[in-house]
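So the protein sequences, as listed, match chains P and X.
For the first sequence, our numbering begins at 1 and goes up steadily by one.
For the second sequence, our numbering begins at 1 and goes up steadily by one.
Think of the hints as simulated: they come from the structure by calculation, not from any bench.
Keep in mind it's a predicted model, so treat the numbers as computed, not measured.
Hints are not guaranteed to be accurate.
One copy or two, either will do: identical chains are not told apart, so a pair holds if it fits within one copy or between any two.
Cross-link-like lysine-lysine pairs, in silico, PhoX-like; alpha carbons within 20 angstroms at most [said to hold, decoys possible]:
id	residue 1	residue 2
1	K61	K341
2	K308	K400
3	K76	K383
4	K226	K367
5	K76	K226
6	K8	K83
7	K367	K341
8	K308	K147
9	K383	K393
10	K29	K12
11	K76	K27
Number of protein chains: 2
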Amino acid sequence: MARLLVSKRASKTPSSPIRSLAPLAVKAKSEGKKVFHLNIGQPDIESPKEFLDAVQNFDKKIIGYEASPGNLDLRKAWANYLKTNSGYDVSFENILITTGASEALIFTFMCCADPGDEIIVMEPTYANYLGFSAISGVNLVPVLTRKRDNFRLPSREFIEKSITNRTRAILLCNPNNPTGTVYSKEEIETLLELCEDYNIFFVLDETYREFVYDGQKPVSILENHKNNERVIVIDSLSKRFSLCGARVGCLITANEEVLARSLSIASARLAVPSIAQVAATHMLKTISPNYLTDTIQEYETRRNTLIKFANTTPGVNILPPNGAFYAIADISVENSTEFCKWMLEEFSDNNETLFLAPAQGFYIESKLGLKRVRIASVLDSSKIERSMEILGKALSVYPKKI
Amino acid sequence: MARLLVSKRASKTPSSPIRSLAPLAVKAKSEGKKVFHLNIGQPDIESPKEFLDAVQNFDKKIIGYEASPGNLDLRKAWANYLKTNSGYDVSFENILITTGASEALIFTFMCCADPGDEIIVMEPTYANYLGFSAISGVNLVPVLTRKRDNFRLPSREFIEKSITNRTRAILLCNPNNPTGTVYSKEEIETLLELCEDYNIFFVLDETYREFVYDGQKPVSILENHKNNERVIVIDSLSKRFSLCGARVGCLITANEEVLARSLSIASARLAVPSIAQVAATHMLKTISPNYLTDTIQEYETRRNTLIKFANTTPGVNILPPNGAFYAIADISVENSTEFCKWMLEEFSDNNETLFLAPAQGFYIESKLGLKRVRIASVLDSSKIERSMEILGKALSVYPKKI
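Please work from the sequences and hints to get the whole structure.
Here you go:
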């Protein structure tokens, strides 16, 4: 009998480069090692008391389905939060609640493009976009951004070369994961113009919207173009409120057809989990703005610590990021995936080691990721400082250096 | 400028026939009408105290990501629950936790079939399978089951005629939504043999596994074929424990490649919500078997009430179901969707009305659904009795009868 094979699309779905090394970290810990996790955007900042209290006060007796577009109170609370905190006047009817930003992105891929169509992304790119691409059959077309250019966008003309008759959208993560770049209002306007000229969607992943440093102001497409029919915004509570595990995100658009078709897809999966929606509603209604400003301040401190200690570590060259909580670093190895594995499996300093994300997973065509890692500055400053010490020691004894 | 269109696949994604009338029910209620919801499998039975307590006792300070395959304790608790409650000895490593059975089904469609491939389903079929088909580009090929045959499976030869060189799986919901049929061990064996002969997957949606009446025993593929590489089981806490809104389901298979590829897809969406997983773990570890036996008893009582009152209602002809909590009824109208809308928008009896699911959404090719509805016996017996009274009165005055 012939072997029973899985589908071609399943075979092509990449393992998340961040998550696929996770079992090695579990093993290292089971052997008694302490592992510093700078590999993943999982903050160690406490979730808001307003959310945790709402969970503990959850008093429904039946955990029933919520409405497919999301809990109505949550949609209204989110719209109100955008208005009062950022001044963006978005109708709650333009907000579809999703199981994390991940699901909002999957809906967007499904709604904007058919299999074989193309979506343009900046390279390096958020690794899971590749997963959504494989699931949806949509090809990602990378436009390279370079460390020597501070990962800023290339010229309009350069980007334009990547547009074909199959291009359906440009997708930009701003502030950027994995580079920590905050794209300027002018860069956003340039991309929007391109999308207008070629009649394609403009998808903004604004999961890290407020995480901008050095006195910058957040740059959001919602400020001036929230009613543009080609604009789709992906949003999430995960990073802003240290609620990664709540899996509450949303898709925001004024495009009625995208909303309607996303809702059809959403109704097939029935609903987003109820408890987190109820708790998120209470939180958005009652939380003080101080939570977010304190959080941003803390991430700025961590970023400063990362820059300071990374750049005095031999074998490490980091580009100081000005947003989000990631940075791309060159390290003096020939294959960062092998090095990251080795750190988990073989290396330790005083019984401690470090988990970093190899940057290969963030690159589609370029080989630049081979000698790079993404560092998430999501732990407190003392741990970041110690992590850079561990990294330096690991690099100094790593047998397969360049 | 040309209009900016959504993708073809999005345009083809059907609205859930159950959910698309939901706004009419909201409107009816806003006008002060009481609406009995027999349209959706949302039980009114209280969720287990063990789950609700665990939510209120949730004491983590950071709502962090769970592992992509699911919380390890939950996977172990689920395996243990299957073993102690049903005697099925499934390894926790063969269980992948998903955001509801819906996500397990999406992963299965993605892993088993490529766009243009085919999956065979029994007609009438669970409406959301059509949604998953549209999302994944997989064609559903319906095999008609007939009310006059008690919705039992047709002969092996009849089913075999639907198999083509694009067929990748047979998908069966047992006990069945929407017919309430419990397929026998022999019927399951016949389908499995077919799948063996044609080297295709056999997917069993066992969301309603224990909901069988009249002294029957549950029929599960896990009993004898849990290690068969072509078998994929979809499971869920939603109905069994009245936890629809928790969105905790799983995919069970001994097929290593399906597990690995499902995990790749799962890692792209990062994780299943944390709070529900923690609460579900506590519940599965501590719940008394009485909860489920009491729940099944209650549903059997409700089913008996439904049969008794439906079949004395003029214009209604119901097939007594022997499992799950659904029944397909013929009603004396020419278009059940129009009738269901009319009941919500125009009809009321003593300011009360009824929400039923038009059966059209459960049929793919056949027009038989036009004159049928699906009735979910998910409310207590007095409400079901009253609902049948309302249905009788509505049919007696409905202007567009046959």
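Here's how the hints hold up against the structure:
1. For the identical chains of this complex, K61 and K341 are neighbours neither inside a copy (46 angstroms) nor across copies (30 angstroms), given an alpha-carbon limit of 20 angstroms.
2. In this assembly of identical chains, K308 and K400 lie within 20 angstroms of each other by CA distance neither inside one copy nor across copies; the values are 26 angstroms within and 77 angstroms between.
3. Taking the shortest alpha-carbon separations for K76 and K383, neither the intra-copy value of 39 angstroms nor the inter-copy value of 33 angstroms comes in at or below 20 angstroms.
4. For the identical chains of this complex, K226 and K367 are neighbours neither inside a copy (37 angstroms) nor across copies (43 angstroms), given an alpha-carbon limit of 20 angstroms.
5. For the identical chains of this complex, K76 and K226 are intra-copy neighbours only, at 16 angstroms inside a copy versus 46 angstroms across copies, given an alpha-carbon limit of 20 angstroms.
6. Taking the closest pair of Cα atoms, K8 and K83 never come within 20 angstroms of each other, the shortest separation being 45 angstroms inside a single copy and 34 angstroms across copies.
7. Taking identical chains as interchangeable, the C-alpha atoms of K367 and K341 lie at most 20 angstroms apart only when both belong to the same chain, with a minimum of 19 angstroms there against 58 angstroms between chains.
8. For the homomeric pair K308 and K147, the shortest alpha-carbon distance inside one copy (18 angstroms) is at most 20 angstroms, but the shortest distance between copies (74 angstroms) is not.
9. For a Cα distance limit of 20 angstroms, the shortest separation of K383 from K393 inside one copy, 15 angstroms, qualifies, whereas the shortest one across copies, 71 angstroms, does not.
10. In this homomeric assembly, K29 and K12 never come within 20 angstroms of each other (Cα to Cα): the closest approach is 31 angstroms inside a single copy and 48 angstroms across copies.
11. For the identical chains of this complex, K76 and K27 are inter-copy neighbours only, at 18 angstroms across copies versus 44 angstroms inside a copy, given an alpha-carbon limit of 20 angstroms.
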